[in-house]
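Novice: As you go down the protein sequences, you meet chains H and P in turn.
Residues in the first sequence are numbered from 1 upward in steps of one, following the UniProt record's numbering.
Residues in the second sequence are numbered from 1 upward in steps of one, following the UniProt record's numbering.
Think of the hints as simulated: they come from the structure by calculation, not from any bench.
Mixed in with the good hints, there may be bad ones.
PhoX-like mimics (lysine-lysine), calculated; alpha carbons at most 25 Å apart, straight line [what the hints assert, rightly or not]: (1) P/K151 to P/K136; (2) P/K72 to H/K37; (3) H/K136 to P/K136; (4) H/K72 to P/K37; (5) H/K76 to P/K72.
2 protein chains.
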Amino acid sequence: MKDDKIEIVIDYHFKDQSILKNALTHSSFINDKSKLKNNERLEFLGDAVLELVVSHYLYENCNNRAEGEMTKLRAKIVCTDSLAMAASDFQLGNYIYMGKGEENTGGRTRKSILANTFEAIIGAIFIDGGLEEARKFILCKLKNNIDDSVKGKLVFDYKTKLQEHIQQKADNDIDYVVISEEGPEHDKIFNIQLLLNGKVIGSGAGSSKKEAEQHAAYNGLIFLGEVHEK
Amino acid sequence: MKDDKIEIVIDYHFKDQSILKNALTHSSFINDKSKLKNNERLEFLGDAVLELVVSHYLYENCNNRAEGEMTKLRAKIVCTDSLAMAASDFQLGNYIYMGKGEENTGGRTRKSILANTFEAIIGAIFIDGGLEEARKFILCKLKNNIDDSVKGKLVFDYKTKLQEHIQQKADNDIDYVVISEEGPEHDKIFNIQLLLNGKVIGSGAGSSKKEAEQHAAYNGLIFLGEVHEK
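Chain H with its partners taken away, still in its complex shape (with noise of 0.2 Å):
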């Protein structure tokens, strides 16, 4: 794991490297001896410079929408879901500092985990750069989501859009299969695999089947083609 590496991913190169470091650093990550600073500044920061370019992006895109209309599309946007969606699609998880207790229990995947850090990204990139490399940034890994949301398609239940997705053909068989569950009782974490006619398309890990079985169908549907992955 290179922080150079996510450079590329998400196409912006820090002036200041300490910035970037920052912003991936989990609160887990941190301990008494340490000097580092967790992220989660940086986060405050950046949910403001996404709010703002969202707005600006439905005020110039959405004229004929009133206030209410644009409110809603930006909450739906910007949401927790909307932003983990978009964080896994350039498997964001992969590059945080984290805890060995947070990693263990699925840290890379949770959703809070992947919208709190996608958030001090952008707020990391509006110090470093400004509003316009954060505009550039949010509008690549966010389009998808705002175009959708727009339109009224913006869906974050996976197991609806892939159980949608799978309808169109007839005889289609979908299944969740709990492979194993690990951890104590209170702590539990479940994985699952997703199989398409016998045939395993996705896994997910949950603190919750529910959960677990969202992560094998957004998988799932990355397998089908139906999220992209980038």
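Please arrange chain P on chain H, whose structure you already have, making use of the hints.
Specialist: Same frame as chain H, but now just chain P:
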């Protein structure tokens, strides 16, 4: 009432005067025959610009504050009371295009209208002149509120603020007197005078006695030099 006068007050000259007119147009001014648009879409955009500018200021100037603290500070700085107070300071109410009905029921001093129009002007400056011009305007008009908030001194309860100020001198006596009640029972407007030792030092109108008293106290604070009227 001319739009060019407000340009002096806000210290920004619009390249596109129609955006300024749009920002100053309350929904009550619009009728079916009018081709004008109300300012709600600009308010939507301005709200996001304001949030970013304040977030960035806090990020840069409060190095020792955690994300949760900054979120609370920001919420206080951008709340309706704070924006209405700042908007009152430059008499924004006088420049708003509003319907007669709204005007006759105290619309020009209504906090929600003042705050929303303030945000609409921020949105208009952002569209017309970009983020830097919007930042200049926001920091000029909200700097006192931001600094007071950071110091934990931002107070919107003007009656309490006045009381605290008055108590510094012994044998001061303040009194709120209802001068008139206008309009039907369900839509009354109260006019109240504030007396300090029997002398009128402020007056205020509102849809409740409480609201009218707050406005009177606010004007009393201006009279006493405790709130600055720019």
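Novice: None of the hints should be skipped; say for each whether it holds.
Specialist: Verification of the hints:
1. P/K151 to P/K136: holds (22 Å)
2. P/K72 to H/K37: holds (20 Å)
3. H/K136 to P/K136: Answer holds: H/K136 to P/K136 is near 24 Å, not above 25 Å.
4. H/K72 to P/K37: holds (20 Å)
5. H/K76 to P/K72: holds (23 Å)
In this structure, every one of the numbered hints holds.
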